[in-house]
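Chain Y is fixed; fit chain E onto it per the hints.
2 protein chains.
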Amino acid sequence: MSVTAAPGFSAAGVACGIKASGDPDLALVATHDGAPVAAAAVFTTNRAAAAPVEVSRLHLERTAGRAAAVVLSSGNANAGTGEPGRRDALRMCALVAEQLGCATEEVLVCSTGLIGFPLPMDAIEQGIPALAAALGPGGGGDAAEAIRTTDTVRKEVVVERDGCTVGGMAKGAAMLAPHMATMLAVLTTDAAVEPAVLRDLLATSVLDTFNALTVDGATSTNDTVIVLASGRSAVEPDVLGAAIHEACASLAAQMAGDAEGATKVVRVRVKGAASREDAERAARKVAESQLVKCSWYGEDPYWGRILSELGSSGARFEIDAATIAYGDVVVSAGGVAVAHDEDAVAAHLAGPHIEVTADLGIGVGEWTLLTNDLTHAYIDENRGTS
Amino acid sequence: MSVTAAPGFSAAGVACGIKASGDPDLALVATHDGAPVAAAAVFTTNRAAAAPVEVSRLHLERTAGRAAAVVLSSGNANAGTGEPGRRDALRMCALVAEQLGCATEEVLVCSTGLIGFPLPMDAIEQGIPALAAALGPGGGGDAAEAIRTTDTVRKEVVVERDGCTVGGMAKGAAMLAPHMATMLAVLTTDAAVEPAVLRDLLATSVLDTFNALTVDGATSTNDTVIVLASGRSAVEPDVLGAAIHEACASLAAQMAGDAEGATKVVRVRVKGAASREDAERAARKVAESQLVKCSWYGEDPYWGRILSELGSSGARFEIDAATIAYGDVVVSAGGVAVAHDEDAVAAHLAGPHIEVTADLGIGVGEWTLLTNDLTHAYIDENRGTS
Numbered sequence: 001m002s003v004t005a006a007p008g009f010s011a012a013g014v015a016c017g018i019k020a021s022g023d024p025d026l027a028l029v030a031t032h033d034g035a036p037v038a039a040a041a042v043f044t045t046n047r048a049a050a051a052p053v054e055v056s057r058l059h060l061e062r063t064a065g066r067a068a069a070v071v072l073s074s075g076n077a078n079a080g081t082g083e084p085g086r087r088d089a090l091r092m093c094a095l096v097a098e099q100l101g102c103a104t105e106e107v108l109v110c111s112t113g114l115i116g117f118p119l120p121m122d123a124i125e126q127g128i129p130a131l132a133a134a135l136g137p138g139g140g141g142d143a144a145e146a147i148r149t150t151d152t153v154r155k156e157v158v159v160e161r162d163g164c165t166v167g168g169m170a171k172g173a174a175m176l177a178p179h180m181a182t183m184l185a186v187l188t189t190d191a192a193v194e195p196a197v198l199r200d201l202l203a204t205s206v207l208d209t210f211n212a213l214t215v216d217g218a219t220s221t222n223d224t225v226i227v228l229a230s231g232r233s234a235v236e237p238d239v240l241g242a243a244i245h246e247a248c249a250s251l252a253a254q255m256a257g258d259a260e261g262a263t264k265v266v267r268v269r270v271k272g273a274a275s276r277e278d279a280e281r282a283a284r285k286v287a288e289s290q291l292v293k294c295s296w297y298g299e300d301p302y303w304g305r306i307l308s309e310l311g312s313s314g315a316r317f318e319i320d321a322a323t324i325a326y327g328d329v330v331v332s333a334g335g336v337a338v339a340h341d342e343d344a345v346a347a348h349l350a351g352p353h354i355e356v357t358a359d360l361g362i363g364v365g366e367w368t369l370l371t372n373d374l375t376h377a378y379i380d381e382n383r384g385t386s
Numbered sequence: 001m002s003v004t005a006a007p008g009f010s011a012a013g014v015a016c017g018i019k020a021s022g023d024p025d026l027a028l029v030a031t032h033d034g035a036p037v038a039a040a041a042v043f044t045t046n047r048a049a050a051a052p053v054e055v056s057r058l059h060l061e062r063t064a065g066r067a068a069a070v071v072l073s074s075g076n077a078n079a080g081t082g083e084p085g086r087r088d089a090l091r092m093c094a095l096v097a098e099q100l101g102c103a104t105e106e107v108l109v110c111s112t113g114l115i116g117f118p119l120p121m122d123a124i125e126q127g128i129p130a131l132a133a134a135l136g137p138g139g140g141g142d143a144a145e146a147i148r149t150t151d152t153v154r155k156e157v158v159v160e161r162d163g164c165t166v167g168g169m170a171k172g173a174a175m176l177a178p179h180m181a182t183m184l185a186v187l188t189t190d191a192a193v194e195p196a197v198l199r200d201l202l203a204t205s206v207l208d209t210f211n212a213l214t215v216d217g218a219t220s221t222n223d224t225v226i227v228l229a230s231g232r233s234a235v236e237p238d239v240l241g242a243a244i245h246e247a248c249a250s251l252a253a254q255m256a257g258d259a260e261g262a263t264k265v266v267r268v269r270v271k272g273a274a275s276r277e278d279a280e281r282a283a284r285k286v287a288e289s290q291l292v293k294c295s296w297y298g299e300d301p302y303w304g305r306i307l308s309e310l311g312s313s314g315a316r317f318e319i320d321a322a323t324i325a326y327g328d329v330v331v332s333a334g335g336v337a338v339a340h341d342e343d344a345v346a347a348h349l350a351g352p353h354i355e356v357t358a359d360l361g362i363g364v365g366e367w368t369l370l371t372n373d374l375t376h377a378y379i380d381e382n383r384g385t386s
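Chains as they are written, first to last, in this note's numbering: chain Y, 1 to 386; chain E, 1 to 386.
Chain Y on its own, in the form it takes in the complex:
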């Protein structure tokens, strides 16, 4: 079910030949009747934004937040493709609109994959009619399958809350960092909500879910989160907001759990900072440190590197006030080692989930990031594109 869990939506996923492997590479999420509904999106902050990002942003502006469908392709990012790329993205929307009987600008588009290569439009021209023919309320799983790239599993979520449903799917395994790194997510809900409210609810939910996830500090050209609301259920905005937040958090956690080559999911929590911004700055410096990531891979309780990253993060830092803990065990306080249960730390680091908490001891600012270890397999996945 997933992205089609909320009443009012259909989905499909097919293989059209973008991927040389023959794996599914084209997905569609649409309203049952092809009529536009309230829609909102958050896009990458990358100034080299891909063609589909530009086209989707333009379409949402033109419709003042309404859409009937989202078409997604995987295997080619349609980024670094210039004006021809924008024409191709627009053409994808037009082909879908023709099938659904809606306007081109009521279709949003996402792509993920390699940067710098033209989309194989022949394959897509032929694929979209087949994709539309496959649309159905049970097609969520196929759609989630068709947006995978290096993802080893598909990522789906359903949240039911006080009579409203939020369903979703996502992809993302690397070039993953806060602010919409290489990830795509589509959420649907049956809630009745104005586009402007939906946009605020989505933007708020993204802040401490997708934007609090960093695999490698790289913010991609294509990242997009879209939500469509079919308007079938009356619901309070705060209930819908909580459901959207829960769905985003689940999908972000699924991405962290499937990060390229990773053997550990690590939650880095900084508290006691002078401000929320300082907490985020410090957490990001730790989470994106190659050296610290290597320690996690090696299950090495080397807090000295964490201390060093905190000290050089730019956040206000007073070494005498800081403590560092793995799990519940404080290993350093006031900038020096403290006696602790080393077996408990070793057991914690040996598990698949690591919790690192740094208390800066200065104020009440707090932030948590999800990240991963750095492994040989990450390098192997990324040393070549062929």
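It is possible that some hints are incorrect.
[What the hints assert, rightly or not] Label pairs and their in silico Cβ distance ranges:
id: 1; chain 1: E; residue 1: 347; chain 2: Y; residue 2: 138; range: 48 to 54 Å
id: 2; chain 1: E; residue 1: 342; chain 2: Y; residue 2: 204; range: 43 to 49 Å
id: 3; chain 1: E; residue 1: 84; chain 2: Y; residue 2: 344; range: 54 to 60 Å
id: 4; chain 1: Y; residue 1: 263; chain 2: E; residue 2: 341; range: 36 to 42 Å
id: 5; chain 1: E; residue 1: 84; chain 2: Y; residue 2: 196; range: 55 to 61 Å
id: 6; chain 1: E; residue 1: 381; chain 2: Y; residue 2: 54; range: 39 to 45 Å
id: 7; chain 1: E; residue 1: 351; chain 2: Y; residue 2: 196; range: 51 to 57 Å
id: 8; chain 1: E; residue 1: 20; chain 2: Y; residue 2: 277; range: 39 to 45 Å
id: 9; chain 1: Y; residue 1: 122; chain 2: E; residue 2: 316; range: 54 to 60 Å
id: 10; chain 1: E; residue 1: 351; chain 2: Y; residue 2: 122; range: 36 to 42 Å
To be clear, the hints were calculated from the coordinates, so they are not data collected in a lab. Yeah, the Cβ is synthetic: ideal placement off N, Cα and C, and Gly gets one too.
Chain E in isolation, oriented as in the chain Y frame:
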């Protein structure tokens, strides 16, 4: 010769037992007669600065820029060691002062190695008299040897220019980033120069040499560059500045060439930026990108990742104006691929030195960083501390 190339200095390096391997781990650079001379230093900006950094900074303040010696230990950073660490660093200075017949505050101290462990002071107490006994004008090589940690080679330089000599030694192979990442360097010169002038000359030279080097974006707790000037040669400040700059540039290049696990030295040059700061921001985002570093390791001409990092660097960026080149070959212009000599690019990427030039096409801001690829060997060197 190296750090003792300039008339007026002696050096030594011995093994005192800090390193379990038995390798040399204690070094000393001193004036011939133990009398203080003009001295200046640049220290890490890390707010978790190590004890020796604090002690050396204090000593230079108290003497208003004069020092007779620098004592350096390797294998233990004396960082994350609190007040006992400060006492140990001070004790190292006092032991050297006793041997040389100078004041404790006329001795500077540096350490490099693991963070969070107390210095083995018994070994150091016994080692320093032996170290002082070994001092000689031919001891520069032994001193350079004794400050190595994961460095595979020692790093030395001699610059002769218009009657003045600058000699130097350095260590640094990881936790290396601009702003004095884990690196130590000691320079000596026979020039006659006021401490305040010497400080300005050093600070200026560091900007585009050591601070333009990034192996892994980590700024260490211990980084220190010190210069001592014996005052034996009259020289114009601009001549001395040029010689110091050349020595710093050589040592920085030697560090880049010996970065942990690296197979390539990469020079990332960003030009045409809206400002120098923007150029540095963009160059740093590219140079510190795990994904881009993996491409270099794989000799993969994947400019899409470089485009994406430029776009998300925070620097002003207009995709239509940007070009990206490997060596002399432009591979992308206006955000899209351009036809080019692919064999020439493959040959360039296969070599040990890669040049990446991004021209943002907006203004005249320019910056160049030295960095490396990311390899399995880097992970293996850093996954464990034992």
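The hints, checked one at a time:
1. Roughly 53 Å separates the CB atoms of residue 347(E) and residue 138(Y), a value that falls within the hinted 48 to 54 Å.
2. Roughly 47 Å separates the CB atoms of residue 342(E) and residue 204(Y), a value that falls within the hinted 43 to 49 Å.
3. About 26 Å separates the C-beta atoms of residue 84(E) and residue 344(Y), a value inconsistent with the hinted range of 54 to 60 Å.
4. A hinted range of 36 to 42 Å holds for the C-beta pair residue 263(Y) and residue 341(E), which are about 41 Å apart.
5. At about 60 Å, the CB distance of residue 84(E) to residue 196(Y) agrees with the hint of 55 to 61 Å.
6. Between residue 381(E) and residue 54(Y) the beta carbon distance is about 43 Å. The supplied range of 39 to 45 Å therefore holds.
7. A hinted range of 51 to 57 Å for the beta carbons of residue 351(E) and residue 196(Y) is consistent with their spacing of about 55 Å.
8. Take residue 20(E) and residue 277(Y): their Cβ atoms lie about 43 Å apart, and the range 39 to 45 Å holds.
9. At roughly 38 Å, the beta-carbon separation of residue 122(Y) and residue 316(E) lies outside the given 54 to 60 Å, and the hint is violated.
10. About 39 Å separates the C-beta atoms of residue 351(E) and residue 122(Y), a value consistent with the hinted range of 36 to 42 Å.
In the structure shown, a violation is registered for the earlier hints numbered 3 and 9, in ascending order.
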